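Asks: Work the whole structure out from these sequences, hints included.
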Amino acid sequence: MQHQSTSERPIIAVVADNNIKKALESKKSTSYQVNKKINTNDSKRLKMYLADGVLDGILYVNKDLSKITYKYNANSEASLPINALKNDLASLRSQMIAANYGISAREWMNLNKLPTIKRKILNKEATIKLNNSETAQNFSEAVVIVAFFFLTSYISITGAELGNEKGNHLIEGVLAAISPKKHFAGKMLGIGFLVILQLLIYSVIAAFSYIILKHTKYHNWFNLTKYLQHIDTTYVLIVTMLTLFSLAAYIFLSACFASFVSRSEDISQATTSVASIMMIPYFLSFLTQNSPNMGIARVLSYLPFMSQGIMPVRLAQGAASYQSGWVSVLISMIGAVIMYFIAEYVYEKNVFSYNSDAPLRVIFNKVLHR
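In this text, residue positions in the sequence shown follow this note's numbering: the first is 187, and each later residue adds one.
Keep in mind that the hints were calculated from the coordinates and are not lab data.
Since this is a predicted model, take the numbers as computed values, not measurements.
Treat each hint with caution, since some may be false.
Below, simulated DMTMM-like cross-link-like pairs (lysine to aspartate or glutamate); rule was C-alpha separation at most 20 Å, straight line [what the hints assert, rightly or not]:
(1) Lys257 <-> Glu347
(2) Lys213 <-> Asp228
(3) Lys299 <-> Asp274
(4) Lys272 <-> Asp250
(5) Lys400 <-> Glu194
(6) Lys368 <-> Glu530
(7) Lys208 <-> Asp274
(8) Lys373 <-> Glu534
(9) Lys299 <-> Glu327
(10) Lys222 <-> Asp203
(11) Lys223 <-> Glu211
Replies: Rendered as structure tokens:
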């Protein structure tokens, strides 16, 4: 006797009219498998098979397909084939109705045959393969969300590191022994090491979790090899580099805003301002999924602070080539370097500058030379 499925495809028994049962047995469904060896309609024996793990589910169907019940084992690792069964049974019902009107099975199949649309993209050689685009898009969405939380966290850390020293008047003692530029470089280097350490810790935890969980009944949920084999390595590399360079740029921008803080209570306003800018590419990334070639998406996918949320989506949709992705990475890298020197200059000029106004007002006054 065939035992319960060890994969996601459930093994089921069908209790129905012979024609319906044979039709379902002949279906080569990827969502379920009918056990042909079980011919009994005895409810008690079928439930025993279900409890013993021989079956994952039992499908009960009456003659006119008006009443259908699916009983399944809640402890089974297999997925529920409800949608697949619904589609197959709907197809059988329409065939039965067609037969009543004198339409043959072949004629019915011709009537219901869907047209085939062949998709082609002009710059296919330089983009993600179309059959991989859905997986790549899911990956890009996950990266955008994870990057958003990373950025939010490190914007706050940077603001607190620089703002607290100045707000609590600790900076005077520190800069008596070291120049502002070296102190700023040390702070940024420390935050950089913190990012690397956090990524390493997460990687180790993820690796151990994967090793442990792949030996449990949840192993199918964590089949990363099966998932990642549909994503091109070049795509992963571009998305990762865009995320890291954008993280660096936002950290430097946060340091720039924190340089204008005069009181510890103003730190949150400085970091909130940076977080507000960060929300723009985050929301635009979801809009870009439906219209990857809209004008604003094309422009922003190349701009620092914005590209990490938009370019991965455009690449996944096949709307941008890998060459465009690398151009975006280069611009992001240059933008991050320029942002560092701007932040360093602003920090040096304002490290001993105290003002009773809020950071944003101070920035506007500096810009307007008031």
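Asks: Please go over all the hints and tell whether each is borne out by the structure.
Replies: Hints, verified against the model:
Taking the CA atoms of Lys257 and Glu347, the gap is about 59 Å. The hint is violated against a cut of 20 Å. For the suggested pair Lys213 and Asp228, the alpha carbons sit about 24 Å apart, so the restraint of at most 20 Å is broken. With a C-alpha separation of about 15 Å, the suggested pairing of Lys299 with Asp274 holds against the 20 Å cut-off. Taken as a hint, the Lys272 and Asp250 pair is honoured in the structure, with Cα atoms around 14 Å apart against an allowance of 20 Å.
Simply put, Lys400 and Glu194 have alpha-carbon atoms about 14 Å apart, close enough for the 20 Å limit, and the pair holds. Between Lys368 and Glu530 the CA atoms are separated by roughly 9 Å; this keeps the pair inside 20 Å, and the hint holds. Between Lys208 and Asp274 the CA atoms are separated by roughly 12 Å; this keeps the pair inside 20 Å, and the hint holds. For the suggested pair Lys373 and Glu534, the alpha carbons sit about 13 Å apart, so the restraint of at most 20 Å is met.
Under the criterion of a C-alpha separation no larger than 20 Å, the hint pairing Lys299 with Glu327 is inconsistent with the structure, at around 34 Å. Annotation: proposed proximity of Lys222 to Asp203 holds, straight-line Cα distance about 14 Å (limit 20 Å). The suggested pairing of Lys223 with Glu211 holds, with an alpha-carbon distance near 11 Å, which does not exceed 20 Å.
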